[in-house]
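Residue numbers (our numbering), protein chains in the order written: chain A, 1 to 155; chain B, 1001 to 1416; chain C, 2001 to 2258.
None of these hints come from the bench; they were simulated from the model. A virtual CB, placed ideally from N, CA and C, is assigned to each residue, including glycine. Take these hints with a grain of salt, some might be off.
To be verified - Per the computed footprint, the stretches of chain C lying under chain B, defined by three or more beta-carbons under 8 Å from a beta-carbon of chain B, are:
1. 2074-2082
2. 2143-2155
3. 2182-2190
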Amino acid sequence: MKNHAWRPLWLAIGLIAAVLTARHFLVPQDFGVHGDSFTYNFYRLGAVQFWEDFPDKYQGRERCAKCHDENAEANATSKHRNIQCENCHGPGTGHPKQVKQLPINSSRELCLRCHEYLAYPSSLRSQLPGIDGDTHKAGKECRKCHDPHHPDLEG
Amino acid sequence: MSPDIVVHGAEWTVKELFVYPNEFIYWSIQIVMYPYMTGLVAGAFVLSSLYHVFGQKDLKEIAQFSLVFSLALLPVAALPLLLHLQQPTRAIEPLLTPHFTSAIAAFGIVFSTYGLIVVSEIWFVYRQYFVQQVEFLKTQPGLGNAMKRQVYRVLTMGAYDVSQPALAIDHRMAKILAAIGIPVACFLHGYAGFIFGSVKANALWMSPLMPVIFIMSAVVSGIALCMLTYIVIMESQAFLKRRRGGALQATEIRGAEKEIISKATRYLLGFLVAAISLEMLDLIFRGYTAMKSWDILRSVMYGKDFINIFVLQYTLGNLVPFLLLLLPGRTLKRTVVALILVLFGVFMMRWNVVIGGQAFSLSFSGYMHYHIPIIPHSIETFKEGLFGALTVAATPFVLFWIINKFVPSLRRDVST
Amino acid sequence: MSCSRRDFLKQSVAGAVAAAAVPAACTVIFLEPGEAEAAVEGKKLRWTFLVDTTKCVGCGFCVDACKTENEIPYDAPVSRTWVERYVVTKDGQTHIDSPNAGRDGYTTGEIRGETIDPADIDKAFFVPKLCNQCDNPPCVQVCPVGATFQTEDGVVLVDRDWCIGCGYCVMACPYGVRFFHPITKTAEKCTFCYHRITEGLQAACVQACPFGARQMGNMEDPDDPVTKIIMTERVQVLKDEYGTKPSVFYLGLDERVR
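For reference, chain A alone in the conformation it holds in the complex (with noise of 0.2 Å):
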């Protein structure tokens, strides 16, 4: 049929094939649904894999205690065990190879977190020894008197 009515069709059809050509080469292979669900399952399959490959930067205190054995067992005993290395000495990753010594956090502030004492009744932090960090030894090390790894020695 010699009719000039279906021309713009055609540019409709040439767009739909561009765009179909462009899917096959840019879409990566692993893309589809993987899973039971077009709604929650349509993804790459490599996206998965790169949230697994993501480096850990904190290592656990059993690794610790396989070298630094003395603190831990100190540690292992007093009020302070259920708090990780980490969380004062900082991610263990890459030491000791690469990173000799991890920065320790000796701040009062590190300590005030639990033992600023905030007067919350219905809440734990209340229960937790604690004292007014503006009065008390003001501007100390809390270190200095009171051994974080076994801090209920001086009680």
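Based on the hints, put chains B and C in the right spot on chain A.
Just chains B and C now, kept in the frame of chain A:
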């Protein structure tokens, strides 16, 4: 904080009381511009279709202009989205891996479909003119004319048949496309409303009325912009004619113009009433049902955003122009003022939806204030600032100026 | 403090690749019995999270660890997890805040510069928040390109290489857990430390919490201690009116928690 770390939204968001740490005004001025420009496209097209489909002969003049103008507006509806994306180079992805459960996924497809319809309709309306130009320019000397002729040759797409039966086909196709175009235009914009209306996390946006409200206000703003631009262009033509001594022609232009404007005004008023009624219904319903979110919504609407919503949008943007257009003895000047106010009112409606929807925290316990970046000091503050918005607003006029060089939508002697 | 930490972070990123290989071999011991089984035999696994708000003291170690572990710029005002403080006074008002997402802990009784007399306090408590890894995640539903999704084991992740940065997911989350990563410029959210839990490690926030306020388990394993708590005790989820079906459960949640 080191200077190269920019948290999107932190630049222009001021928090008050309790707001979740990650909450910022993520959708800013460009997302106000997006439904506004899309609305203008849809409105302009609907206006042109009133003539092409429903045979509203009185709208013939403005119909051709608004058809071509809607083409000029079309790319600008996508521009704000592009400027808003954090990864603009990946903008093609919604076409590559469309996730159709998302309201945004269909944008590329609906938008392209709609674009094709507009372009095709224009092609059928102006094909005869393109062919005439190819013939005419053959006799004209000069390199410029030769190049222009090549452009027209491409525009004809090889269809040179201008016999009566062929032109009849053009006519019929234009009508069919205009008819298909109306639902597609409404869909294009209605689903812009759906993008907001379906966000269940947002207490202000979530409403099934949102798409319909968006369509109505879109048509209002589209008609208003077409009328306004038409008046400005016709007035300047009449002014030029008069300066060249053609007083008679000038009066002729102004006479025709007045008649068209008064006809178009009637349609504008109709859609305006529909838009306001729906918005009022939505507001009353929220107050009456008073769900969990009503406390914070009320404090935003009747408190923090009172001026924006009730003074600027409803009074200045809806009520005043409504009266200006309805009261007897309407002059052209009064019409122009009313049209500008209508456009402003619809813009404020978009603003109050997009920015207003982010004016309160998801915790319902705090507020966020948007401070639009005026003087840009980075790409981000340009894109999502005043100048980014002005760029978007100015682009359709530049595009129209270019398109109109090849498709003379304002000449009354050229048409099918 | 923050300066030395940032320097340290740079170094640790450099050494991270080498370090990542180490735990893979020796981490099976950290697995709960049910998890180890599931990990080895590819049995059904559905991660769940339990927050015991009665145990939280607002120390903020979880937020601090999360930012470092997941490479979220330390001083940027965004965070994958945060801790909120609620102080209810005798006049019936609820004072809520979360300065710096609670990263530095709560070391003052002031809330937004306002001092509250302890005698006026009826109740006060801390509430840790994180991504709820919903069963019906609205953020995933609205992604136009499939750049965010739910894994087989129920964790919602973002594809940093495919995200276009439209922000629709950020707007769709009723919990406000999503934001744009300041460096990658893509949508960012809590992954339950997917890289750690799939290796048998605890999530960084869970490990950093000295009070056991945060725990993780496998919903598919009836013998899992966390699953047992969720199944036998009275737990709550946040904002269940949105129908999102969260995988994060709370013990001791107050009606005022938003």
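Quiz prompt | Non-conforming hints, listed in increasing numerical order | solution = Hints that this structure does not satisfy do not exist here, as all of them hold.
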